[in-house]
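**Student:** With the hints as constraints, model all of the structure from the sequences given.
Single-letter residue listing:
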Amino acid sequence: MTGSETPSAIAGNAAGSARNGQDNPNDRGDTAVVRTGIAGSRRILRLRGLIRKETLQILRDPSSISIAFVLPAVLLILFGYGVSLDAEHVPVAIVVESPSNDAVSFALSIANSHYFSPRLSRNRHEARAALRRGDVQAFVVLREDFSRRIKQGSGAAIQVTTNGTDANTARIINGYLDGVWQVWLKHFGLARGQPIVAPVDVEHRVWFNADVRSRNFLVPGLIAIIMTLIGALLTAMVIAREWERGTMEALMVTPVGINEILIGKLVPYFALGMGSMLLSTALAVWVFGVPLRGSFLVLLLVSAIFMLAALGLGLLISTVARSQFVAGQVAIIVAFLPAFILSGFVFDITSMPSIVQAITHIVPARYFVSSLQTLFLAGTVWRIIFYDLLALGIMAIVLIGLTRRMTKKSLGQ
Amino acid sequence: MWDRVRALIIKEFRAIWKDKRSRVVIIGPPIIQLLVFGYAASFDVNHVATVILNEDRGLPAAQLVARFKGSPTFNIVGHIGTTKEIAQYIDPRYASLVIHIRDGFSREIGAGRTAKVQMIVDGRESNTAQIILGYAGRVVRTFNLHWARTHGLKDPPATVVARAWFNPNLKSQWFFVPGIVALLTLVVTMVLTALSVAREREAGTFEQLLVTPFRRIEILIGKATPALLIGLAEGTVIIAVAYFWFAVPFRGSLVILYSGLFLFLLAATGVGLMLSSISRTQQQAILGAFLFVVPAIILSGFATPIANMPWPVQLLTLLNPMRYFLVIVRGAFLEGLPLSTALQQLWPMAVIALVCLVSAAWLFRHRMA
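These protein sequence lines are chains W and R, in that order. Heads up: the first sequence is residues -16 to 396, going by the numbering used here. Heads up: the second sequence is residues 7 to 375, going by the numbering used here.
Keep in mind that the hints were calculated from the coordinates and are not lab data. Check before you lean on any hint, since a few could be wrong.
[Stated by the list, open to error] Now the stretches of chain W that chain R is said to cover, found in silico as 3 or more residues with beta-carbon under 8 Å:
hint, region
1, 46 to 58
2, 298 to 307
3, 344 to 350
This one's a predicted model, so the numbers in the text were calculated from it and none came from an experiment. Beta carbons are placed, not taken as given, at the ideal position from N, Cα and C, and that holds for glycine.
**Tutor:** This is the structure:
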């Protein structure tokens, strides 16, 4: 195979210039320049060879390509269409113990809300059994004296019982029922010609995400998960395999320097990660309608720095682990799961206990998720982006530097 | 037969155990994960960074602000004077909520009309935004009730009295910590089994194993048992930590919980061995395991309810063993799950386990051709 068939576009440029240098040594000027020129071009040549080897390895293995392109697409579709924190058509049971006008009008208000899909239960026992079986998420009891207490003005109770196991859904249901109650109160007052005046009424303004769509919040953060998978998990596995098979040691005894080996490994996976980032961004914006309000160039910059940090983490894991089994486990535990749970991707960081909040500061994905959410939904807010870039840059340098040191040291043993 | 199988199981255990690093990754991290995630995975919102923009000089406005100051949920981080300053707090996330009380608030409320208060919330985290608005609404309702009582207004004709079964304080932690039992045991078992066959295939020893007198069922048992036992042991530790450390109440039966855990791990082992038999290399096996584990976690109801998913996606979740085990583990902890509901979850896991294990055994040999 000749250089012109190099499959990677990135390798292409380096390849072209390197080949020129090699093929026409007579074109160069005086000898001193020739010497440094040859040394430089050799390095580029070696690097080119390494990058090409890695690229071919990626292209030949269907599992790398699946992780880089199939998994992101699957995840985006799942998060874009499948997963939502916004409950709708919640099954609830309604018990009307005595069908007075007031009780029936409240039951109808619940039925008219698209948040609920209600069913009537004959009595409390039936409703309780349905909740216990999981057939309904909540039940509402309007007691026998509902109407009488309203007439007496002694305050009737609308008893709402939710299944608290899923606390978040229970809270959402309570919120919806509060909404139903307020609408019912308004109609109740109007029907009697004596409108009920609430002293204070709340107007909501949700900035950056006016419809409060959970998709707009989840899809940008997902890019961090996808790039973590490629940078940390895939890279850790691939390089651990080289250690396991001894090909890494073999590579070390060649004239290739450590820096070149590391760069040779980094470049193809960097390209793979950025490629899947672009794919994810395109899907997010054009398929799922997530707004991209910040600068695309800044998004590219932050992603590139994050990719370096993730690659650094992957390299470090593989260098420490030395076997695919251990590298896989460690990558999941220190890279993937924290990116999922400790990054602010789903769970709010400021609500975590302070020790856990402190731990999130060493998770690279935390800074990237923060930048992604801001760049997509709010815009280029430099006060956030600058801080995130700084943290990611430091992490990338530390992780890659550590890998370099560990690689040297371990060979000295 | 049993002697041979026992020898094989011992060999598999040794393969995992001989390496100090692999021993460490099996035991240490899951415990640390459980502790960190047990505190981190939560939809509860507290210390909401709040900024007050109060343009009204009257007493009622000050009383409303005082209610927010007194609430443990809200943490007032600043007072601003103009609407222009709102963006300076919300954009860089210095505050998640701005409470804007306009001039004339006290006049309106004093005159018996409805006064408006505006809540501006950062929507970047949509779920948090909704919860914040819910909490803020509750503070305003309490204020309203108090105002009505002290100013001789009529009480509303009916009020909502809400309570929650199984988790009266609606602690998210009680929901997530039992879920972590499923999450971590799934990850560990899948990785163990996915690599078990692939490692030997890569080394070429699997072919050797196939030409020995071992029958396929014996190889299957030999490969499945260690992962199953390690998964059960790890599950036990996590369950114990959930009960003793996180004090999640346990109201169900241990027999149901362990039947669920066993069948769940069996199903996970089946999927893992199947993937492992298809894979040519360890890398393919672990990435294959990933292609299964990640969607399995997302489509299990671990963080987002299955009921919120569109109908075709809900159908897809029926193939996911984790979905059934989550019902069992959460039910066993919080609800004291009745046997009938448990059985509805147990049999699908048994079917998934059976199908996957049989396919894996078939693939052991047929993958070679």
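**Student:** Next, verify each hint and record whether it holds.
**Tutor:** Tested hints:
| no. | hint | verdict |
| --- | --- | --- |
| 1 | 46 to 58 | holds (count 8) |
| 2 | 298 to 307 | holds (count 4) |
| 3 | 344 to 350 | violated (count 0) |
The earlier numbered hint that this structure contradicts is number 3, and it is the only one.
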